[in-house]
Structure formats: C-alpha cells, structure tokens
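K.L.:
Residues per chain, in single letters:
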Amino acid sequence: MLKITNLHASIDNKTILKGVNLEVKAGEVHAIMGPNGSGKSTLASVIAGKEDYEVLKGKITFEGQDIADLAPEDRAHKGIFMSFQYPIEIPGVTVTNFIKTAINETRKAKGLNDMPANKMLKLIRDKAELLEIDRRFLSRSLNQGFSGGEKKRNEIFQMAMLEPKLAILDETDSGLDIDALRIVANGVNKLKSKDNAVVVITHYQRLLDYIIPDFVHVIYDGKIVKSGTKELAHELEEKGYDWIKEEVNA
Amino acid sequence: MGKYTEDDLREELKTQEYEYGFYTDIESDTFPKGLNEGVVRAISKKKNEPEWMTEWRLEAFRIWEKMDEPEWANVTYKKPDFQDISYYSAPKSVDPNKTLDDVDEDLLAMYKKLGISIDEQKKMNNIAIDIIVDSVSVATTFKKTLEEKGIIFCPISEAIQEHPELVKKYMGTIVPRTDNFYAALNSAVFTDGSFCYIPKGIKCPMELSTYFRINEGGTGQFERTLLIADEGSYVSYLEGCTAPSRDENQLHAAVVELIALDDAEIKYSTVQNWYPGNAEGKGGVYNFVTKRGLCENNAKISWTQVETGSAITWKYPSCILKGDNSVGEFYSIAVTNNYQQADTGTKMIHLGKNTKSTIISKGISAGKSQNSYRGLVQIHSRAKNARNFSQCDSLLMGNECGAHTFPYIEVKNKSAQIEHEATTSKIGEDQIFYCNQRGIDTEKAIALIVNGFSKDVLNKLPMEFAVEAQKLLEISLEGSVG
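Going down the list, the sequences are from chains A and B. For the first sequence, this note's numbering assigns the number 1 to the initial residue and increments by one for each residue that follows. For the second sequence, this note's numbering assigns the number 1001 to the initial residue and increments by one for each residue that follows.
In short, the hints are calculated from the structure, not lab data. Check each hint, because a few of them may be wrong.
[Unchecked claim] The following label-pair restraints were derived from C-beta to C-beta distances:
hint : chain 1 : residue 1 : chain 2 : residue 2 : range
1    : A       : Gly37     : B       : Thr1424   : 30 to 36 Å
2    : B       : Thr1424   : A       : Tyr86     : 17 to 23 Å
3    : A       : Lys194    : B       : Gly1428   : 36 to 42 Å
4    : B       : Lys1200   : A       : Arg136    : 40 to 46 Å
5    : A       : Lys122    : B       : Thr1424   : 38 to 44 Å
6    : A       : Arg125    : B       : Pro1176   : 58 to 64 Å
7    : B       : Glu1400   : A       : Arg136    : 37 to 43 Å
8    : B       : Thr1424   : A       : Arg125    : 56 to 62 Å
Beta carbons: idealized from backbone N, C-alpha and C, even for Gly.
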C-alpha cells in the first residue's frame, strides 16, 4: 500500500530524513519509534504532504502511484489520514460541520454528489457511538477548549468518519491519561481491518500495549536503523534508546 | 507540479474579476455634470416635488456649501470633484404605470445576473422588493399585500407626494442636514430611496427588501431611506447593493433614518458588495453613508451588516437610545481585500434609563487592504443602569494588510456597565494544512475558517440572506491566504 524508498527530506534547508525505507501492506500495523528529534513526526508530515518540507531524494508511492507531487488534499482523497500530534483549533466551525465538509469535499474529488443529510447524520451517530463520544461534543467548535483527550478522540472520530486506507497516528498518546489512551486505542482497534493499515508513531511503548503492532521500526538520525516485532518495543522500553544510538555510531 | 502554492493563489486572486462587473446598456436620462442651486431645483422639479421639499433641499445645499469633507477616518483617497459628477440619472424606459411584466428586458436580465429574479423572489422568499436602479425606483412588489395591513412601502419620491405629513414630520430629524458633509449633500440631491411606515401594533408579515445598484458611469447615487415603526410594531428590512465595475471611482452617499416608537422593533440588515476596485486599487465605489436610528421607550433597533464591497467605506450605523429600556444592536462583518479601505463601526448613544447595547464587529482583512473598526459608546448623565457589551474581532490574511480598532467610550453615569473585548488572529498555515489533510482544499478551507469567524453575525441575518452573505464572503476572499 505505502512504499517509501530512500527518502530524504528537509525543512528550512535542514535535512531531517536521510534515507528512509519502509513498506506498509494492507492489514498491517506498524509502529515507528525513536528518540526526540529523530525524524518521526517529519516522516508523518512528509507522507501527508505538508508543504514546509522538501523532498530531496527518494520516492513515496501509495497504491503504486508516486504521490510526492500531490497536494495534501489529493493525498487525503486517496485515503491517507494523519492524526495530528497537536490538532488545530478552528473557532466557530463545529466538529459536525467540519467533518461534513471533509467528507463532501472528498466525495466531490471522486465525482460523487454530497452525502444526503440523513445518511450523514446516521453515520455521525454510528461512529460517535462506536467511539463512545457524547453527541453534544459534536456541536462544539473544532478543538477549541478541548482537553488533550478530547482532541485526540476527535481525531480518531474523524478517522472513523473518513475511513482512510492508511492512518498515520502521530504521537496520539502524548498528553493522554491512561483512560483516554485506552478509549483512543480501542477506537483504532475497532476501525482496523484487513483492507486498511495503521502507522503508529510514538515515543513510548505504552500505546503499543493497546494497539499491537505487527512491526516495530526504530528511527534515528533520519533513518530506520532497526526493525523487528513488538518485542523490540519492549526492549526499548526497558533499555531506552542509548544502546541503539551506540550501535549506529559504532 | 500538482501543488497549488500560495503564489498561485495570490495570482488567481489578482486576476479574479468582479462577479457583478457587467454594464447594462439602457438608455438613460442623465443630467450634465456639476452642482449648484439650479441643479438642486432641477432635481426637485424632475420629481414634481412640492415647494416645501424644494426649499428643504436648497437649505441643505447651502449648508453643504459651507462644510468641508471630513478627514478623521483611517482612509486615504483622492477626494471626489463634486463638480465632476452628474447628480441625476434615471433609466429612460421607466413609466410609473408599468407593472412588473412590462419592465425593460435588459433590466430584467440585469436583475438575473445579480441573482435577483423578481418573480422567484416574490414566490419563494415572500419578500417585497423595491428595486432602485441608479436613482428611480423601478418596481415595487407585494404592495397590495402590505397595503391591506396599512403598511406603506414605496419609493421615497412617492411618499413625498402621497404621504407628505409623515415625510415632513420625520425626515431629517434623526440625521439632520447639518449632521455631516455627506448627509448635507444627500439632503440636497437625493434622487430616490425607500420609505416605509408600519402602523401601530402591526407586525410586518414579510421581510422588506431593497436592492440598490449604480449603473450609469460618472453618476453618484444618493438614496434616502426613511423607516418609521409606529408603537408596538415590528419590521425586518434588508438592503442589498451591487455596482458594475468601472475604472473611475463612483460616489455613493446615502442617508438612512430609522424611527422606532414606543415598544417597536426594527431589524435592518445590509449586504453591501459595491464594486471594490480592481487588484491594483483602480476604480471602485466610495461609500459614505450615514445611518442612524432612534429608539423610544422599550424600542429596539438592530443593525446587521455584511460589507464586502466598495473601495472606501465610511459607515457607522448608530442607535440613539432615547427611551427608557430601549435596546440597540450592531452586528457587522466587514471584509477588505486588495486595496480596499474600510472605516466602519457604530455609535450607541445611551440617553434613557436601563438602556442596553450590543456591538459585535468582525473585520476580515486580506491583500493590501486596511480595515478599521471605529465605535463610540456614550452613556449620558441621566442614563441610569445603562449596559454595553462590545466585541471586536479581527482576522488577518497575509502580511500586507492592516486591522485597526478605535473604540471610544464616554461614560457620565456611574451606574453604567461597559464591557469591551477585542481579539486579533491570523489564518495560519497550520489551520490550512489541517483542513487540507482532511481533504478540504485551501479555498474551501479559507471559506470555512472565515465563516466560522463570522458565525455570530451571520446568525443574525434572515435565513435566506445568510446563505447569500456566506457566498459573498467566499467570493470576496477566494484564494487570499498569504
């Protein structure tokens, strides 16, 4: 589904990614771990198409198509979703209005008409229930005055509504207490299927107790330096990242 | 490259034509340029006005001659040459006996382009429209239905003939001829406008609506609106404006007077999209408008405006809260783009006891434009327990525009409660990217963010106009992020 080959990317003339290789297939869950500043969030932003980043070298293909030149909204239309580490506030725009716009814009890109209002309402109701979201929450302004947990849950709600093929969860666990973490992780698990894939980007292992990865990759200094199964995550939890750094620098 | 960069957006915005920039070729009857007592008399004669009206105009002209154009507003422009303007222009094909069906086809086509199909509006929106092209009212609809309730809704020229007692009693009482330069000018040369009277205890069953439009080149438009809501009555009134694009600047100096007698309520909504000038700041309408309302006991006046047009806007719809327990409201969205300049706001004059006013102003600036809120809240000494709440929010797009707030507060009674809140924010690239990531392109994202920002005011508009206003915001700001 997603194939990244020798990806180099920079921001403000500073090279962050220095040759990332990664392949994610449908039905898989990948975790990308690494110390602060190693390039985890950059990787997510580059896949999503944030324009501040410049791709210097390498290739990103999604379902066989090179997407490096696509606008972020076009990538979204193809089924790439990114859950933000810091979801953005849009005052005066309700969660419902926002997600309705997102869905209809995506439909428009595919040559479909707007989703009928009653169908939209039912979908919202179903997904809110699935993720245990109070419906009053849906008429609040997007992310404005939301707690950390509400923001992340809202991200997962949008993911549920948009039904992406590839979901990248960027530090979804940061700022969450254990209850919020469990709710968010349960949501992700409920949405998982053999047709979609999830990339979990995290600093800590604890989210991976709830979302069990098939593969764990360690990114360090802009490269994936180690890959393994979920055991690798436990090892990192125990030993920290220093031994990886030493291995790389040796 | 499939990427749509901000530079592309900026370019697209610059080349974007004014939506309503077409010119209808209707033969019109236009005075030669220039202004003197003779021209004032000629306008009055053209309209078959009674002597008292002619004298009233002449007095205004004499006052105007002694006045200077105000310079305190935060706008810069080349002052109009008042001798280089034609003060009267009427489409020649107008015949007062015509019904709607007889209206000139070109005119009707023009309305269509503007999106005002009269019949459609009549049927679907239940709105009576008094359409003003240049200076003469062309078609008044729904008159019969209104007449049954005793409501008078007609061109002001007609009211001068048919209801002189009401016009004499109220015209110039809220905005006197001496009020300001443009009000004096308007009083001397106004050619038409709307008149409305709602009798005691009557709730007007439909929204009353006027569309103004400047058509002829080199003509100024000076409409005059007088709206009287008698005791215990209610009316909701909407005016919309458009002007075709022209290279030279066109002058528009209107006067609107509202009178809400005891227990009456007036809701006055404006959607203004006069031609704003092109991307280089050439052309566009100079909009110098005086709007003011008077509230007697327990009366309420609510001004709602969506201002997206004009090269220069100078406009402060105000409320004089004379009666006890009277309420004044001002809800405003002002959008400026390219080289537009707006200096707009309100005055809330609290004279009576327990008077209340609310001001919500949303300014949106893009391009190289300047957008100023200017507001006065004045609590007089006998205005016990007066309350005001003001909120002025500015939204900026790009780094070349400006937003300014000039709040004036004068309190002469200790029991007053005044609250003022102000915020300034910028549409961030992060907000845009967040929307993009969810499949919403940049243009739509801006529209979404701007609509969210303006929501408190859009909600105050009558339903059907809120939709129109929302569209207008999108058109005015397409691709203006920087």
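K.L.:
Okay, which hints does this one fail, numbers in order?
P.N.:
8
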